[in-house]
Amino acid sequence: MRHEDWNQLNAIVIESVTSLLASSGVETVYAGCAEDRVRGWADTISIIGFGGDKLRGSLVLSAPDGLLVRTHPARGTSEEDLADWLSELANLLLGQIKARLSGLGVSFVMSTPITLSATTLRFRRFKGLPVMHAFDSDEGTVVVMFEAIGDDSAQLAAPAEEPVSLDAGEVILF
Amino acid sequence: MTSKKIVVVDDSRTARQQVIMALADAGYDVIEGVDGRDGLSKIVSNPDAALIICDVNMPIMNGLEMLNALKADHPAIQVPIIMVTTEAQLELVQQAKAAGARGWIVKPFKPHMLVAAVRKLVGDTL
Chain A
1 MRHEDWNQLN AIVIESVTSL LASSGVETVY AGCAEDRVRG WADTISIIGF GGDKLRGSLV
61 LSAPDGLLVR THPARGTSEE DLADWLSELA NLLLGQIKAR LSGLGVSFVM STPITLSATT
121 LRFRRFKGLP VMHAFDSDEG TVVVMFEAIG DDSAQLAAPA EEPVSLDAGE VILF
Chain B
175 MTSKKIVVVD DSRTARQQVI MALADAGYDV IEGVDGRDGL SKIVSNPDAA LIICDVNMPI
235 MNGLEMLNAL KADHPAIQVP IIMVTTEAQL ELVQQAKAAG ARGWIVKPFK PHMLVAAVRK
295 LVGDTL
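So the protein lines, in turn, are chains A and B.
Per the numbering used here, the very first residue in the first sequence carries number 1; after that it's consecutive.
Per the numbering used here, the very first residue in the second sequence carries number 175; after that it's consecutive.
Check before you lean on any hint, since a few could be wrong.
Selected chain B positions facing chain A (Cβ under 7 angstroms, derived; list incomplete) [to be verified]:
hint, residue
1, S186
2, P233
3, K245
For the chain B half of the interface with chain A, some residues (derived, Cβ under 8 angstroms), not all of them [to be verified]:
hint, residue
4, E261
5, M287
6, V289
7, K294
These are calculated hints, taken from the structure and not from any lab test.
Because the structure is a prediction, the values reported are computed rather than measured.
Glycine is no exception: its CB is placed at the ideal position from the N, C-alpha and C atoms.
Using the sequences and the hints, build the whole thing.
What follows is the structure, encoded as structure tokens:
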């Protein structure tokens, strides 16, 4: 993919995170893109994979417990509740990214998410460092890594003239 | 009066809890399924259910596979189904419609919107 496509992809990730958290009542401020292996990771993260013709990879989400407690839809507070909610948030986030990308000619299949807990998290890859997006909120820092591999010949298309996806929260009955 | 029964199939416990809270507040009884295969089993053992609410991306058997299996293997069960999912592609919505789904809701959703859709499909007035 071209450099400008990666920039557009990153903008979509940032827009999706901000929009999803705002819908849960959490305002965030984008704190930059960090090539930093350990920045801001909480002890628990959720990972969800995706794969398609043009793009494949995984999304890693880390959020502070305070944010998870505040936004839990069923007011859960146990460790298990928060781990499950973090998984669901990763699923919701990748779903929103997928919907935005589908209008640019990129489609992929999503895996189901998993949540992991560790005392220290460190991400590495053999070529370069993973790019992580940080978002400041009044509950602490949310970190999102969108680790993607794009086909060299693939490009994001011009925005579709007709909608190809529904909006979050949209309800249709047949 | 007996409450109407609704089968909720989602691999996320949080998502099921969110749906259950909304439906319980509206007076419905809920039966839970944790994936498509479990959901199919719950539907077959509760043929008097008034409605099915089902996620799409689930392990073991996804929601569209569950829909197709229900249609192919249990044609006598004619229960309205709403898909509630993060998936938003119109292509998938059309697939679900062709397989017999009666509605599609994109997560995250507003609980009152879910309840309104449920009431409409089960024939309950407000």
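Verification of the supplied hints:
{"no.": "1", "hint": "S186", "result": "holds (5 angstroms)"}
{"no.": "2", "hint": "P233", "result": "holds (5 angstroms)"}
{"no.": "3", "hint": "K245", "result": "violated (15 angstroms)"}
{"no.": "4", "hint": "E261", "result": "holds (6 angstroms)"}
{"no.": "5", "hint": "M287", "result": "holds (5 angstroms)"}
{"no.": "6", "hint": "V289", "result": "violated (11 angstroms)"}
{"no.": "7", "hint": "K294", "result": "holds (6 angstroms)"}
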